[in-house]
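Hey, can you work out the whole structure from these sequences and the hints?
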Amino acid sequence: MAERSSHEHQHEQSKTRARSPSKPSQLDHKPPADVAAAAEKGLKLRAEYRRGGTTVGIARARDLQHRKHLSEQTVKRMVSYFKRHNVDKRSDNFGDDGNPSAGYIAWLLWGGDAGQKWAEEHMKQIDKTKQEAKTQRTSSH
1 MAERSSHEHQ HEQSKTRARS PSKPSQLDHK PPADVAAAAE KGLKLRAEYR
51 RGGTTVGIAR ARDLQHRKHL SEQTVKRMVS YFKRHNVDKR SDNFGDDGNP
101 SAGYIAWLLW GGDAGQKWAE EHMKQIDKTK QEAKTQRTSS H
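What the sequence shown shows, in full-length UniProt numbering, is residues 1 to 141, in sequence order.
Treat the hints with caution; some may be incorrect.
Claimed, not checked - Simulated restraints on C-beta separations:
id, residue 1, residue 2, range
1, E132, D92, 14 to 22 Å
2, G95, R62, 18 to 26 Å
3, K89, A37, 15 to 23 Å
Quick caveat, the hints were computed from the structure, so don't treat them as lab data. The structure displayed is predicted, hence computed values, not measured ones. Backbone N, C-alpha and C fix where the C-beta goes; we use that ideal spot for every residue, glycine too.
So this is what it looks like as structure tokens:
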């Protein structure tokens, strides 16, 4: 009977950890399909028109497109991005798929309107979960 290598064992452990959160109240930071679709659209428009987005925005789009689990910090950064760049929606060609503005492409890279809505709602859930945990700790003493 062949023994498993330590690499195989570590891989199995990491797969198990990824499937079962350590706490039942832990939130799932996986972006929904509509956010992934917006990011994918942004990547396609950027490739076609060669404008919009930074290296960070492109990396974010790839994570969103593949629906990777995001850290709490990343969700927070998404909320900040959308707050800062909401003004981009006022520019000409924002939302024009035939001749998109750089701001529109960048917005899509971060998940578009669906990404903004998800990140803001998800951040509220994160804050609520933290507050509940804090309340439980203080009431149990």
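Hints and how they fare:
1. Distance hint check: the CB atoms of E132 and D92 are about 45 Å apart, inconsistent with the given range 14 to 22 Å.
2. A beta carbon spacing of about 23 Å between G95 and R62 agrees with the range 18 to 26 Å that was offered as a hint.
3. Roughly 19 Å separates the CB atoms of K89 and A37, a value that falls within the hinted 15 to 23 Å.
Comparing the model with each numbered hint stated earlier shows that hint 1 is the single one that does not hold.
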